[in-house]
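Chain by chain, the residues:
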Amino acid sequence: MAEITYRDALNQALAEEMERDDSVFLMGEEVAEYDGAYKVSKGLLDRFGELRVVDSPISELGFAGLGVGAAMVGLRPIIEFMTFNFSLLALDQVINSAAKMLYMTGGQINIPMVFRGPSGAALQLAAQHSQAAETWYVHAPGIKVVTPATPADAKGLMKAAIRDDDPVAVMEGELLYNVRGEVPEGDHVIPLGLADVKREGGDVSIITHGKTVHLALQAAKRLEKEGIEAEVLDLRSLRPLDVDAILATVRKTNRAVYLEEGWPYVGVGAQVAATIQEEAFDDLDAPVLRVTQADVPMPYAKNLEQLAKPNAERVIAACKRVLYRT
Amino acid sequence: MPTKVHMEALSPTMEEGQVVKWLKAEGDSVSQGEILAEIETDKATMELVARGDGVLRRVLLEEGGTAPVGEVIAIIAGADEELGDLPAKDEAPEGAGREKEEPAPEKEEAGAAREGSQEPKTPPAGEEPSEGEVEGVDDGTQVKASPLARRLAQEASLELSRIEGTGPGGRVVKRDVEAALEARVEARPEVAAADAPRVKGAAEGPEFEDVPLTQMRKTIARRLVESLGPVPHFFLRITVDMSRTLEARERVNRLLEEDDGKISINDFVLKATAGALARHPEVNAHWNGDSIRRFGRVHLGVAVATEEGLITPVIRDAHAKGLLEVSTEIRELVTRGRDKKLQPEEYTGSTFSVSNLGMFGIHEFTGVINPPEAGIVAVGGIEETPVVVEGQVVVRPLMKVTMSCDHRVIDGATGARFLQTLKEMLEEPAAALL
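One line per chain: the protein sequences are A and B, in this order. Under this note's numbering, residues 62 to 387 are what the first sequence spells out, in order. Under this note's numbering, residues 108 to 541 are what the second sequence spells out, in order.
Hints were generated in silico from the structure; no laboratory data involved. C-beta: ideal position from N, C-alpha, C; glycine also. Worth double-checking, as some hints may not be accurate.
What the hints assert, rightly or not - Quick list of simulated restraints, FRET-style, between CB atoms:
1) B:G396 with A:M165: 19 to 29 Å
2) B:E316 with A:K282: 21 to 31 Å
3) A:S84 with B:Q261: 56 to 66 Å
4) B:Q261 with A:L308: 54 to 64 Å
5) B:E262 with A:V327: 32 to 42 Å
6) B:E262 with A:E374: 32 to 42 Å
7) A:L308 with B:G416: 16 to 26 Å
8) A:E243 with B:Q261: 40 to 50 Å
9) A:N372 with B:T273: 26 to 36 Å
All chains, please: the whole structure from these sequences, using the hints.
Next comes the structure, spelled out in structure tokens:
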């Protein structure tokens, strides 16, 4: 297995799928001539030409809508948002058109398209450019949402998303693009809707998705020094949700902490906590706790930003609380 | 920490108990396992033991008083320990205005429902808190516990209120239940010894076999319950010539010393029934709802009349016991049954039952099945009756035996074959030697 970056893993996935199926095309701001704002589409213009790698104007609602139209007539568009912060402009096309088309046409027209780009905070980009967009997308039935945390998952989930016959949002991370990891050779496809145990442990379950998988692993490593074995479950897919995997880890450890970089209010953790108490109430030895971004717009000031983001200390404290080891 | 003494469920069906006698008085020191009181249950007089060490500080229920299971009837604590708002005598269990406690499981449910919004207790407006009242002390009606701890405690039949919680606010969590379980395992060798007494010569091998229901059996069960339920009884009656049993009884009783007591006809009936059951496991069975449990060993329930009603002590492994052993054992069980001294394990776990009203001059009668058993035999008295033998009218001592069968388990022919064996064993007692 080759060790490559998350960025290159995505690039491989795009290239391989465009090679495999000529109805696949990429459109977005600066994806062609500039190789993408984060260089994910590097080399694709040269390889596949300007009909399949298309620079769009700065008009998220417009090119997202173009993508929906193209999907309706049989193409498989990949729409890149420079970041998902800007996709708020396009939510009418995402939610009202892409997610609902199959339902509103009585099953006649499906939308095989991908929305992709980085989501969540990077460093000091301030309130408007530092938000996790998962919950806006995952709230609506009709669109799938995946959040790869590693290069292998990035490649496998991107390929599955492109091949899927329904709209899928692939939420990446600015701070993930340089992460290196081993990626299986060949046609590596990960079915949508499967969570992955990133670390096994029997004492407490840290359930998370996306970028914070790495934070969970850091916290687990520090807990190990105190004799606490944390299991880290990476959901990978927020819709469909791997409820079986969630219940399995809770039944194993009897306690869970949800970690996410988004806000707590009606967040992914809220959904997961509800699922756990509905389905595994009698297996719980403690309430499900959540570690999230503070319930405020992300501050610009570096010190305040650090305080607002979830960190390993808070994860460790939450784990100890559910273990009654404060 | 004070230990509350609860009215415990000392029999499987007990809902309330009466204090016959306190063996300890207020101020006496007690240690765990010591007998505190004699409690009369619905079945017998049982001993209530201390679950903690200290001094019996408060007795809340006088001798002769009755309290529902779960009620606090005394307090054990250190000699000078502050008792806080633990109940004192004037607010004794049956005191007016006190909310009647539900049986334990419901009580815990209610506790769970209120958990989370639990407020520190405040006295109703206009009432001064009584001296020594401590805010937030659990009064035993609510136990804070995690769902998992609740489930584990229930599975292990542990009372949550007896487990000290180490979670926030005294919440009982998994580790507390595990610790309590460990303590119980360490503290119960004597219980293990009392478990299922094994007798010499008792059948080895599995205690029972569960037979899955065939479709036909299921249909029979369903249809018959519709007709006569919930236990669809039917009755088979057979007449037994007791001549040879009477002769055998005379002979064996001549062999016995005076102080051995005498073998009764009923002892022969019990011994023969156990022998016949051992040969017909399809009758020596329980209805389990989704299967039929056939027993390889015979634990024979024997209906005994006491002044207050019926109790059914059990002769364990009756098929493997000799006539004298059966006779001695049943006499002893009957005596203790009438004195209400039977332990629960002595009147539960029977695989089949016998009821004999012959001594009351009853000719014949039908017994009501004790579920989940599949049958009961009802034995009438022996009567000199003219019968025709080889064309001649002769007088024979006849006895009528009526078997009530649960038709879901036993069909007519099955029951008949069993009765035939029973008849043969009584008509030829030497058959028991085979």
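So, going through the hints one by one against the coordinates:
1. B:G396 with A:M165: 19 to 29 Å: Violated, at about 50 Å.
2. B:E316 with A:K282: 21 to 31 Å: violated (53 Å)
3. A:S84 with B:Q261: 56 to 66 Å: holds (59 Å)
4. B:Q261 with A:L308: 54 to 64 Å: violated (21 Å)
5. B:E262 with A:V327: 32 to 42 Å: holds (36 Å)
6. B:E262 with A:E374: 32 to 42 Å: holds (37 Å)
7. A:L308 with B:G416: 16 to 26 Å: violated (50 Å)
8. A:E243 with B:Q261: 40 to 50 Å: With a Cβ separation near 47 Å, E243 (chain A) and Q261 (chain B) satisfy 40 to 50 Å, so the hint holds.
9. A:N372 with B:T273: 26 to 36 Å: holds (29 Å)
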